[in-house]
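**Student:** Could you slot chains L and C onto chain X? The hints should help.
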Amino acid sequence: MRPFTYLSAPDVTTALRAIATEPGARLLAGGTNLVDLMRQDVERPTTVVDISTLPLDEVQELPAGGLRIGALVRNSRLAAHPAVRSRYPVLSQAVLSGASGQLRNMATVGGNLLQRTRCPYFADGTAACNKRDPGSGCAAIGGFHRGSAVLGTSEHCIATHPSDMAVALVALDAVVEVQSLRGTRRIPLAELHVLPGDTPDVETALDPDELVTAVELPALPVAASSRYRKVRDRASFAFALVSVAAAMEVADGTVTAARLALGGVAARPWRAHLAERALVGAPATEEDFRRAATAELATAVGRPQNAFKIELARRTVVATLHQLTTEGGAA
Amino acid sequence: MRLTCTVNGDRHEVDDVWEGESLLYVLRERMGLPGSKNACEQGECGSCTVYLDGVPVCACLVAAGQAQGREVGTVEGLAGPGELHPVQEAFLEAGAVQCGFCTPGLLVATDDLVRRSRAEGRRPADAEIREALAGNLCRCTGYEKILDAVRLAADRMAGEAR
Amino acid sequence: MSTPTRTPAGAPSSVGGPGGRIGDDAQRPDGVLKVRGEFAYASDLWMDDMLWGVTLRSPHPYARIRSVDVGPALAVPGVHAVLTSDDVPGEKVYGLELADQPVLALDVVRYQGEPVALVAADHPDTARRAAARIVVDYDVWEPVTDARAALGHPTWNQVHDAPAAVTELSRESAHLHPHGNLVRHLKVRKGDPEPTADVVVVGEYEVGMQDQAFLGPESGLAVPGEDGGVDLYVATQWLHVDQRQICSALAMPPEKVRLTLAGVGGAFGGREDLSMHVHACLLALHTGKPVKMSYNREESFFGHVHRHPATMRYEHGATRDGDLVYVKAEIFLDGGAYASSTPAVVGNAGTMGLGPYVVPNVHVDCYGAYTNNPPCGAMRGFGSVQTAFAYEAQMDALAAELGMDPVELRCRNAMELGSETPTGQVVDSPAPVAELLRRLVAMPLPPEPATGDDVDLRHMPGGVSNTTHGEGVRRGVGYAVAYKNVAFSEGFDDYSTARVRLEVVGGEAVATVHTAAAEVGQGLVTVEQQIARTELGVDAVVVHPKDTAVGSAGSSSASRQTYVTGGAVKAACEAVRGRVLERARGLVGRPAGDLRLDGGKVVSDLEGVALPLADVLGDDAVEETVEWRHRPTQALDPDTGQGFAHVQYAFSAHRAVVDVDTELGLVKVVEMACTQDVGKAINPQAVVGQIQGGTAQGLGLAVMEEILVRDGRVQNPSFTDYLIPTVLDMPPMRIEVLEYADPHAPYGLRGVGEAPNISSGPAVLAAIRQATGLPLRRVPVRPEHLTGT
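Residue numbers (UniProt numbering), protein chains in the order written: chain X, 1 to 331; chain L, 1 to 162; chain C, 1 to 789.
Isolated chain X (complex conformation) (with noise of 0.2 angstroms):
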């Protein structure tokens, strides 16, 4: 790890300072993924700037219905809140799902969406990675993918996201609040992180002076109907390869509501309107359900590797939607 600045900020304010003045600055709150990422000299901040101890940690109630939870929420705190169970049920399951429960007393909600990708070779010094270092190349292309993008990916980059909780958050319609010197703005989850394109090291719509402090999550009603499911290599404590989140409503047999988004599979959450709207209207049948998951997955682009994660998605689409008509979505 190389040498830099700890500043444990007193306030917002400081904080906000800290990352405008400083290029090199890098915020700290759960520390699950950045002290990992520094250890590997991945990760090279000059200063780092502890935001633990702000008081962003409340999950409120807004007066439209929703629910506003401060980017300092722990994972677990969240995931236990009752009224994320009762309303959000998803959110408190993809959350579960993730990591160990040491990590997710650590993790914060803020880290948990701005965490990078796990992709082996970003973290690999040694390998080509144009996330890590533009122009280098990607060495997942030709070299080891079973865990990469298949979806929303360039010639550039194929590594996905790896945070189950921003699956549920994108498909409950997530607002990330952001605030910097210059002001507050609001960001629906679905474009904070973007597509690699030609920079993969640009990863959100962030600027380098913001701060997430609160993600807002609007009324839903269809959102109490609602399940994720994440199909990995071992039964805990593991990244997924493919994970869905949805929710849906249904009436005499024909879905009226649905939301539906996909993890492991893309450099960001990835929200499946393409699913939603063939959903909507049409019958609550498995093979509606495989005909909407396959619209979503049109475009997707298998390699020699991870080619499976494609039918794994449909069919993890069409076991979680059958779910749904069948059980409902209580947790």
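It is possible that part of the hints are untrue.
[What the hints assert, rightly or not] With beta-carbon atoms standing in for the labels, derived distance ranges: (1) X/T14 - L/T4: 16 to 22 angstroms; (2) X/P218 - L/E71: 34 to 40 angstroms; (3) C/P732 - L/G32: 37 to 43 angstroms; (4) C/P195 - X/E155: 54 to 60 angstroms; (5) L/R122 - C/T625: 53 to 59 angstroms; (6) L/E71 - C/P732: 35 to 41 angstroms; (7) L/G69 - X/L62: 48 to 54 angstroms.
[Unchecked claim] To spell it out: a stretch of chain X is covered by chain L in this simulated footprint if at least three of its residues, at any positions, have a beta carbon under 8 angstroms from a beta carbon of chain L; those stretches are: (8) 5-12; (9) 34-42; (10) 46-54.
[Unchecked claim] Computed footprint of chain L on chain C; a stretch qualifies when at least three of its residues, placed anywhere within it, have a C-beta under 8 angstroms from a C-beta of chain L: (11) 31-38; (12) 515-523.
No lab work stands behind these hints, which were simulated from the structure alone. Using N, Cα and C, we set each Cβ at its ideal position, and we do this for glycine too.
**Tutor:** Frame of chain X, contents of chains L and C only:
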């Protein structure tokens, strides 16, 4: 930098801590408390599990500065000198210790589980034990005797006054 | 010298509680320290003023080193030394069986992660940053990465610079030769060379590279001695073979290189080879200060050998009735860049590779090859793990072809006492293979998978991930049997040394057992106490720290320590007892032939004598040192592979019950049942612990564990990407332990540790095959292998 925190009830003040050190490193190399283990130092094995303000975390991923002013609890603090905590006794009796490298982290995680269930006036079910300990890898035992130990400890601690 | 740490030395650490004799569930003498966090593992060692050593490793699997510039590293404040191969005073290469591995890279690096240079500094991060500033100029070469290609390749001699190209695969002169890409070719030939059979099944199988994944990283502390020598405290499996290699590299006699075992956080074969041993000693001798080295997890993946990946082709022929007629097998083991224990692994895979079955006609070729992949060597099961996946898959395929029950086919062909092995050796101790299987069949099966409202998701494939709800879930049941040699084979002079002392301290009789046998977690220290208590009739048994002040104990591997060091401790106790009773005879003044030791007294039941040991010994201590050997074995015939090569066999059998979500490719192992013959369970609780732990490692290899190597580069050197089973992956187990005494072994015992690691994985594979109908030729099985996607 200077780091001040409470470990196992004792106030510790350590000078010349380098910013890049983890809480685990400070405990092991600067405070003489090597009980918390360094199996992966990536948060992937749970062998460094400690309490931070009463909540189990992986000490390897806590930056030293983040422990400033906090309360840390390690395996060394589970029982007083010459004593054994019921969870420690149960691990010994059940044969849940082989190489023992995962044991300190598992003991803290088990203590947390048993204390939480006892606070709710119940004993943890098997499925709950498995979920609670899924962040602690063990390579020697196949986990069966660890489960035995947790059940044994939960039974015994259920009988104790809180 | 006691181990240098800052943890309080617990006085009772090495003395067990009362009782705990042979056959009891005695508790570990190190248990209290371990649960209190006070046990001194190698990575916990600490001394005032110590330095931290780190290793610079090659990023390339194959390259020539043009130059190394250590100047920039030396210029970093806090750095005390930077060393390269030029600083190795003695032999610059080392190895367990062949000295072919550089202590620090010479002119060529042959695998990614090969040590190139060392740095000692006052802080580990300073040392790491300095190491990163060493400038190494590499001429990068194309690596040889396929074992079969390495042997038949036009440039087959590339890796180790053989003098001339040779195209014949089975070149006799290359047998165990350090040059060329062939490390060893073992041939087993028996019976009719061209047999025919009614029914023939052929299968090709592949097993991936498994990691030991012990949790305690490679660590140690080297302390320069006043005599110019060095004391090394290190986590290892065999102190004396380490000492031999360190002495060679340092050009020092053994009395100047003293090793003490530090606490070992698991081993499983991964600590047989040297890791940081010589490096730490070099740095300590150069700086004149104690030097600690402790790998992080990534470096650990590069710092020890792995289980050989294997590609195997098997052909089984049988009569219509299901009697095996012949087996032909071709087994390729990728040994990676250096020999390590590849020759012995080839020996095991070749001689054990047909399983515990009677086969009249045998044709086996087993090859170990050099490549530029990570070096492979010892791991629990040692060659038998890989082949068991193949031979048991073949037995199931044969049963299917014959329309027979797979267990019946196995029982019909099972070895038993008096059977002849494929290597012509007559099995001269119990071999209850059929009984192990029949007992498994008799055990109740777990309840059928729940459906509908009864589903508890946590019990379904995918577990807590809320993945499967009973739809598309198919159950399968599979069986497999392990067959493993115990202790060292093929004529190796396999012995252990025990020094036992009996004395009276503070009025209490105390025995001290001193061996160099490595306690790696398995509980050998407990067994040593149990034997001493049993043989000497005392409660207090001190286990002396393990060090090189006593003779070699051999390795804590090959399931051999309870047998061989146990035998040595028993023999040393008997010698001590003989002398004590002799003294007692003098005191009682008659030839009391029935005298024995019990309860700290000399006792004669016939005469009612009960003489306190204090009266017999006074202030004297009676001490005996014994070097103990098992029956000698013989080298295999180089042309036929026949011979009395193995001293004992271990047998275990597993039944696996799995639920497979065929839609999403998820496997839930519902239950593992195991039967094992252990001859005599010295410590039943520890025996069961070995079975459970071995089962978990086998299950891991079956469904998740693999070091992924591409173009010679390891892709997943972390516990993030190399997955081992968690508590959620391990099912409940049913275990039955059989005790059929081996008349040739101490107490009739049989080595325990490895067999359950061998039979578990193939049973899981058999169960998944039964559930899915898929052939599944490759291990580990991944979701995409099951979904057909």
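**Student:** A separate judgement is required for each hint: does it hold in the structure or not?
**Tutor:** Here is how each hint holds up against the structure:
For X/T14 and L/T4, the hinted distance range of 16 to 22 angstroms is satisfied, since their beta carbons lie about 21 angstroms from each other. In this structure the hint that X/P218 and L/E71 lie 34 to 40 angstroms apart at CB holds, the actual value being about 38 angstroms. The given range of 37 to 43 angstroms is respected by C/P732 and L/G32, whose C-beta atoms sit roughly 40 angstroms from each other. For C/P195 paired with X/E155, a C-beta distance near 56 angstroms keeps the hint of 54 to 60 angstroms intact.
Range check, L/R122 to C/T625: Cβ separation about 57 angstroms, and the 53 to 59 angstroms hint holds. At about 37 angstroms, the beta-carbon gap between L/E71 and C/P732 stays in the expected band of 35 to 41 angstroms. Checked against the hint of 48 to 54 angstroms, the pair L/G69 and X/L62 fails, with Cβ atoms roughly 33 angstroms apart. Beta-carbon proximity to chain L at under 8 angstroms applies to 3 residues in the stretch 5-12 of chain X; the threshold of 3 is reached and the given coverage holds.
With 4 residues bearing a CB less than 8 angstroms from a CB of chain L, the stretch 34-42 of chain X meets the requirement of three and the coverage assertion stands. Here's how the stretch 46-54 of chain X fares: 3 of its residues keep a CB closer than 8 angstroms to some CB of chain L, so the rule of at least three is met and the hint holds. Interface restraint, the stretch 31-38 of chain C with chain L: holds (7 residues with C-beta to C-beta distance below 8 angstroms; minimum three). Coverage of a stretch by a chain is defined here by at least three residues with a beta carbon nearer than 8 angstroms to that chain's beta carbons; for the stretch 515-523 of chain C and chain L the count is 4, and the condition holds.
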